[in-house]
Amino acid sequence: MKPESDADRAVATDPRQQAGQDESIVERLARDPASPQAKLDRALDESMDASDPPSHTPPGSNTQPAPSSGFDENVEAALRCK
40 MKPESDADRA
50 VATDPRQQAG
60 QDESIVERLA
70 RDPASPQAKL
80 DRALDESMDA
90 SDPPSHTPPG
100 SNTQPAPSSG
110 FDENVEAALR
120 CK
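Quick note: the sequence shown uses the numbering used here, first residue 40, plus one each step.
Derived from the structure by calculation, the hints contain no laboratory data. Keep in mind that this is a model prediction, so the values were computed, not measured. Among the hints, erroneous ones may be present.
Label-pair ranges, simulated between beta-carbon atoms [to be verified]:
(1) G59 to F110: 16 to 22 Å
(2) G109 to Q76: 26 to 32 Å
(3) F110 to P75: 24 to 30 Å
(4) K121 to A69: 55 to 61 Å
(5) Q76 to N113: 35 to 41 Å
(6) A117 to Q60: 50 to 56 Å
(7) Q76 to C120: 42 to 48 Å
(8) C120 to A69: 56 to 62 Å
C-beta: ideal position from N, C-alpha, C; glycine also.
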């Protein structure tokens, strides 16, 4: 199998599909490298859509259910006792 040439790769890849292309994020980070919003935007811009969270999102960082999840400890306890 012959190796791909640069021309083959250029045809196979649309530049709009490359991550990390939002220049406004680069400019905001240049102005304020500590900006949490700009850092988050960069991580989201570089991640695959709807498949992988930004790398700074630690899995299992909170053992409590989200308040919006509808979890009711008393109802759950009653279900376990049945």
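We went through each hint and held it up to the structure:
no.: 1; hint: G59 to F110: 16 to 22 Å; result: violated (37 Å)
no.: 2; hint: G109 to Q76: 26 to 32 Å; result: holds (29 Å)
no.: 3; hint: F110 to P75: 24 to 30 Å; result: holds (28 Å)
no.: 4; hint: K121 to A69: 55 to 61 Å; result: holds (60 Å)
no.: 5; hint: Q76 to N113: 35 to 41 Å; result: holds (38 Å)
no.: 6; hint: A117 to Q60: 50 to 56 Å; result: holds (52 Å)
no.: 7; hint: Q76 to C120: 42 to 48 Å; result: holds (46 Å)
no.: 8; hint: C120 to A69: 56 to 62 Å; result: holds (59 Å)
Hint 1 alone, counting from the list given before, is not met by this structure.
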